[in-house]
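Colleague: If you want the building blocks of each chain, they are given just below.
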Amino acid sequence: MYTPNESDRDPYRNVWVVAEHRDGAIQGVTFELLGAARRLADVRCGEVWCALLGDEVAGLAPDCFQRGADVVLAVERPDLAKFVDDLHAEALAALIEKYRPEIVLSGATARGRALIPRVAVKTCSGLTADCTGLQIDPDTGVLLQTRPAFGGNILATIQSVRHRPQMATVRPRVMGEPQPEPGRTGRLIVEPLAPPNAASPMRVLEEVTARRNTVALTNADFIIAGGRGVRGPRGFDLLHRFASLVGGAVAATRAAVDAGWVDYAFQIGQTGQTVQPQVYMACGVSGQIQHLVGMQSSDLIIAVNRDRNAPIMQLADYAVVGDLFEVLPAMVAALRRL
Amino acid sequence: MRIVVCVKQVPASSQVTIDPETKRLKREGVAAEMNPFDLYALEEALLLREKLGGRVMALSMGPKQAEATLRECLSMGADEAVLLTDRAFAGSDTWATSYALARAVEALGDTDLVLCGKQAIDGDTAQVGPGLAAHLGWPQVTYVSDVRQTEATHLVVERMNEEGFDVVEVRLPAVLTVVKDINTPRVPTLRACRAARRATVTTLTAQQVNADPANLGLGGSPTRVVKVGPPPARRRKTLVLDGPSESSAERLVHELRMHSIV
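Heads up: the protein sequence lines correspond to chains Z and Y, in order. Heads up: the first sequence begins at 1 in our numbering, then just goes up one per residue. Heads up: the second sequence begins at 1 in our numbering, then just goes up one per residue.
Excised from the complex, chain Y in its bound form (with noise of 0.2 Å):
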């Protein structure tokens, strides 16, 4: 089975900062880490080449410094790494990037399941999964948190929604994207993270992969982020109770009457 699993650089939680010119996520000189749903994308991977043989090769979309990403990747135990990089994909939303690596995975050729962790924690859309698969013109489970049987042609899988799960049968080739429930990342080797410094990180440009210029970046994207800006702060005041426990609860239980709450 030849999978492909998207890996995305996301800056480290503490570091947001915005571009004030196009009003993105400011990603240059920031600590940058792997999104950590990727992880288990990339362990499922591994753990279906296991069982059935094949390759797996990471993808990433993004500027050279998400070679980094890449090659922890490699360390984990993928085979292959590809960077799709280029000027071009500057400023692009989700529908342009979903595209972009849409094109990527074409031109990889072969693939029979594409897997991604299901949102991006610096984003948090979800919606590039299901956009890649639209652009496919393939099948797509969301959200999947157990894969139950693994055919040639076809997997049974869990998918999680808000009342419980789904069990769905998809034909390959198909994206999936990827819950944390669904297994335990691997921990590298030291030995392992030395090989990956030295591995070739592929780098493929749009015109490689025969992305359409007009539906990249900021031009070829449909929606613009025109404002930026913190939440609003959360103004109450913090009222303490530390008195005996159950005065502290007939306070709270009043307080949550006083808002017809109960």
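Extracted from the complex, chain Z is given alone in its bound form (with noise of 0.2 Å):
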């Protein structure tokens, strides 16, 4: 029941991305993995694959072209227009076993995460997830991939030496995204994969974007994170003001979205999500050991408490001792006056 793939890796060639896009845009982290894609590729000599599914997405494909993809492979059916995990499992798998990559890519996104694993087991393949790191050995095409577990307590090399493809899912922003290169140009093949025979065992009746910051937390550069000193709803509208006046987004810790202040969706650490963006300020968090681990990654961590030796206040570069309904006001006043 379960594809051979571990007798000749020599088939197995060039570095894929399965692409991610929303209302007709390729996401940021599908650029970031073509740029991480092409430098693998480089090395092993290789080209770069753009896989898009969708409904009528082959006018994406000179994105991918000038974010570094030689080839986009698009399939293009109305069945695949939204997310249905089996028909786009069923679609990849198949070109997979027609085209056989020696790398297949994809976002550690809500989407990448349910996608890959069932692809994964349908091509009996080594999957990795949640990558921050990839290396690889020039002469034999052996992925090196680093992943935090236990909360980024501990960091994991994981690779896949007999069996081809090797998949990754890689967390977005952490490999830096290519400057588009105008005129960049590529070949484009236009998959005719048909539909299953059998209809799928399940429907997307709605998709809803649901959310009160303009920026999702896992793209946003700028977080700000409240805790329980943000004291109630109020206290979090003055985050979301200050979040609109540098481009952030709000997001909160477990005590907040416990007391029923902020929505679940916007809950960082060990029971929520975890991000990883340029700058990370936290207003009355204390700093639990199972918020830290959503964040400590953090390029830049401010953390605003009127208690100095609360734990996020050691985790911090800047620690602010303070009211935060008294620093927040008057940051907001400096950046109005710059």
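What the hints contain is simulated information worked out from the structure, not anything from laboratory work.
Only some residues are given here: those of chain Z computed to face chain Y with a beta carbon under 7 Å:
1) Asp85
2) Thr157
3) Thr209
4) Val327
Idealized CB from N, CA, C, for every residue including glycine.
Since each chain sits alone in its own frame, please combine them into the complex, following the hints.
Modeller: Below you can see the structure in the form of structure tokens.
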């Protein structure tokens, strides 16, 4: 029942990126991965391919070429317009079996983390989740995949020696996004892939955009997080005012979510999301280990807290001892003066 | 409705150690707890049983001491507890683990729904739920935050993503992975805890679930952990600003400008 793919590694070539797109636009994580794929493929003298699944998606190919793709492999089918896990997985597995990539990369997003494990089982491939580092052996093509585990307390390096392709989901915002090269072009393959005979057992009835932030947490450069010290929904209004001024997104600790001040979708930490923005500004957050594991890899950490001994103050690059209800308005005023 | 809930025993957060030989997390002799996300999966199963009738089976793959986690499931109200345990499983990655669990779900028979937590907090991969669905050939819905509608043949659920959520209709049998938002897990009574201590936990081996040994353990796992170590330490020093709020604010804004952030 499983495709044996360890007998001969030779036919497996090139580095693939599974594109993620939304509302007719390629997502940033896909560009980041095209940059990473370009570096890996150059070491192996291979090509970068971008797998693009959806309805009428071939028009997005130029964006992929400009970010480093040599080939865009598109499947255009109405039933792939919305994310239906089994249909997308079957289509991607069929492409992999036909074209045999050496490496397949996808964003470690809600979609990527649902889709890729399903494909890896079908193609009998090794898969590493949520990578933050990728290196390749130039001779064997073995991918050394680095990933944090146990909430970032350990870093593991994982490889898949015998099985091809090697698959990895990669955390957004870790790999730098390449600048577009205007005029760079490539080869577009529109793969005629017939839909399965039987209807899918699932249907996406509705796609709802429900968020107060104008930028998703995983894409935000600047995250301003509130904890118990924010004292209520009105305190979070202040955080939102600040966020809109700096183009950031608001997040919260478990305490603030459990108190009902903020939706769970914005919870950072062990039972919420893991983020890695350029700036993480924690306001009224004490810094329990369960929270820290979700944000400790941020580039710059600012903490505003009345308690100079709070754990977050030890981790922070800038630890402001003070009342967030005074510091934030003062920052807003200072920013307005710029 | 017959529901299988997959639960995992994980090392308590403060006690991470690594086996130098297998490079996997050391589980023996370490304080352990139930993966927090699995509590929500179990609670959802119990709520569905209250609504529709049926049975809730807790299933765990792990060493003998994972029995403690299964007893916790029984104390919360699971009808049965099954421990999938075998030396052949040692060193399994997510591919091999989801394969073994799929064989166990098949061996248990007549399952309508499998519920899992969205991920385990030790590995953080979120791969076993979808992998299990793929091995079973069932549909999957991940990051489920609400079950809106329950019918004998299908469910309507909400699944979270970065932008909001999707409303999804899924035919049974299916695998769902759930997030914390879905419910509030119950606290077992003392009496239930005592009863759970004496209850039977069924043990199943690889052979009893017809799992092919070639697909199990280190040998059946496509991936290998080759190195484990601490993450690079943050080497920057903390700058404490404890003057008046206005001067701290000015300084922060200045620093943000220096970093070209504003």
